[in-house]
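Engineer: Listed below, chain by chain, are the residues.
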Amino acid sequence: MSAVEGGPASGGLPPNKVIAIGVIGGLAGIYLTMLNQTFNTTIFSVMGGIGSIFAVVWGADAVRRVCSYGLGTGVPSIGMVALGMGIVAAIFGLILPETGILQIPAILGPVISFIVAALIGLVIGLLSNKILNMNIPIMEKSMIEIAGAGCLVMMGLSASIAGSFAFNDAILPSVVSTGYIALVFIGGAMTILHPFNANLGPDESQYRTLYVAVEKAAIIMVIAGFASLTAIDAVSAALTMLVGLLIFLVYFNKFMKSVHREAYKVVGTGLLPSAEELE
Amino acid sequence: MIDLISIALITLGGVLIGLGVHFIPVGGAPAAMAQATGVGTGTVQLAAGAGLTGLISAGFMYNFLATSGSFTTSDFILVLASGAVGAMIMITVTMFIGQLVYVYCVGVPPVSAKVDVDPITGDRQDIYVSKGTEGHGVPTVSFVSGTIGALFGGMGGSLVYVQLMQIGNAPSDPAIVALAGIFATGVFYVNAVLASYNIGGTIEGFHDPKFKRVPKAIISCLVASLLCAIIAVPIMGGVS
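Protein sequences appear in the order of chains A and B.
Our numbering puts the last residue of the first sequence at 259; the count rises by one with no breaks.
Our numbering puts the last residue of the second sequence at 259; the count rises by one with no breaks.
Hints listed in this document are in silico derivations from the structure and should not be mistaken for laboratory results.
We put the CB at the ideal spot given by N, CA and C, even for glycine.
Watch out, some of these pointers could steer you wrong.
Derived lysine-lysine pairs resembling PhoX-like cross-links, with alpha carbons at most 20 angstroms apart [what the hints assert, rightly or not]:
no., chain 1, residue 1, chain 2, residue 2
1, A, Lys234, A, Lys245
2, A, Lys(-3), A, Lys121
3, B, Lys229, A, Lys110
4, A, Lys110, B, Lys150
5, B, Lys229, A, Lys234
6, A, Lys110, A, Lys121
Okay, the calculated bits of chain A under chain B, using three or more residues with CB under 8 angstroms as the criterion [stated by the list, open to error]:
no., segment
7, 46 to 57
8, 65 to 74
9, 161 to 168
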């Protein structure tokens, strides 16, 4: 249930580099969907999906770092809380400029979401460490990262389904009203929690975990592309699905290769023996 | 513009969810191997399963009452009760079927390792605990405790949902329904996870010594839900 109890995760890419990749890649992907409006097309929706892959890599790496201390509740809990915080923050940030409560240009929406997510993450992290006495030294920092990544994943996938991150014009009718938001919620949480949950153990290594993260994010990207068939035109949806499928195949291959390389031995067990063979 | 009553009610809903999680007998991975008392899965999965079923039954009742005309205080209570009953049915079915598996498939007696005598039935517990384990299955006291937990959890989740729907003030608009639903789910997960961090992943029910940690979870859930409520209320007001 819990991960390997003990110290911090080690090896591979340094955390700050992964954070930079996640923040810049994720926000860039979301903002690049604005090219849709510039060129009056929907073909750039694929950028939202690619942005969400960067954010997933960051989120999965943050989960990996915090869960290697052993949470006691299993890895899935932290993925669910990531999207729980992320979805509240994402919708708040995207909707705030459009309500007219504060005079903010709509283009700042994703950045506001991201900051609000980090704020909620900080509060949850402080509560866990100071009041609930979890005593994980990196809890506050990790919760900020996980909430931020969850928020970026949610916005990236929504932008890829709707073709834009404008809330009232695009996300509300094509993602929220259609119910795809539930898919984005659970799918996004799975991509963040699953990689470490599947790879944890004494021989866990960062690059193998992150291969799974990219591969899972690509699957959700394909599903988001499929969902966007009803929201934007078929060519853009097909492009999102195709790119997602391509990334999935490449990274699934990489993951399988690393498993075969690092396992002591990989053997086929065949089918279960029949009753006669057992006698 | 700032709707204090809504914020207070959503916060109360979050606190009820956090409280409810403490009652639910969660055994985690050891229970999946029948080596600990409770249902063999994580707190978040169990609480979310019950909570989301509660949300569905509350949503059905709300839709039924609100679209047919005015929505009164007694209707409000009816929706909360519907959510609570939905969650209770879900958790009792889960515990009962789990119990059948533990007793008839694994072959262990349902027994608690935290108390010597079941506080409800008065049955001896300690002599039936297998050596090296933390109890098995779902004893009577845990079953009752789980049902109470689902009552609180389902009521809390429904409270958050109904209050968000009331702010949105458009019971048949799919956008409002979806937003309120997803926000309620988000608030539910945040509180369920905070509560499960408090109990460290496993608890048997209200007779478990870990149950004394409840005040800490209530403070944490209060702060976290308040933050979510402050963010959620203007959004629901902004959409409509």
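Engineer: Against each hint, give a clear statement of whether it holds in the structure.
Structural biologist: Hints, one by one, checked against the model:
Simply put, lysine 234(A) and lysine 245(A) have alpha-carbon atoms about 17 angstroms apart, close enough for the 20 angstroms limit, and the pair holds. The suggested pairing of lysine -3(A) with lysine 121(A) holds, with an alpha-carbon distance near 15 angstroms, which does not exceed 20 angstroms. Annotation: proposed proximity of lysine 229(B) to lysine 110(A) holds, straight-line Cα distance about 18 angstroms (limit 20 angstroms). Only pairs whose Cα atoms come within 20 angstroms are accepted, and lysine 110(A) paired with lysine 150(B) is rejected, the gap being roughly 36 angstroms.
Between lysine 229(B) and lysine 234(A), the direct Cα distance comes to roughly 44 angstroms. Violation of the 20 angstroms bound is thereby established for this hinted pair. With a C-alpha separation of about 14 angstroms, the suggested pairing of lysine 110(A) with lysine 121(A) holds against the 20 angstroms cut-off. Counting residues of the segment 46 to 57 of chain A whose C-beta lies closer than 8 angstroms to any C-beta of chain B gives 6; at least three are required, and the coverage claim holds. Counting residues of the segment 65 to 74 of chain A whose beta carbon lies closer than 8 angstroms to any beta carbon of chain B gives 6, which reaches the threshold of three, so the coverage claim holds.
With 3 residues having a Cβ less than 8 angstroms from any Cβ of chain B, the segment 161 to 168 of chain A passes the three-residue criterion, so the hint holds.
Hint compliance for this structure: hints 4, 5 are broken, all remaining hints hold.
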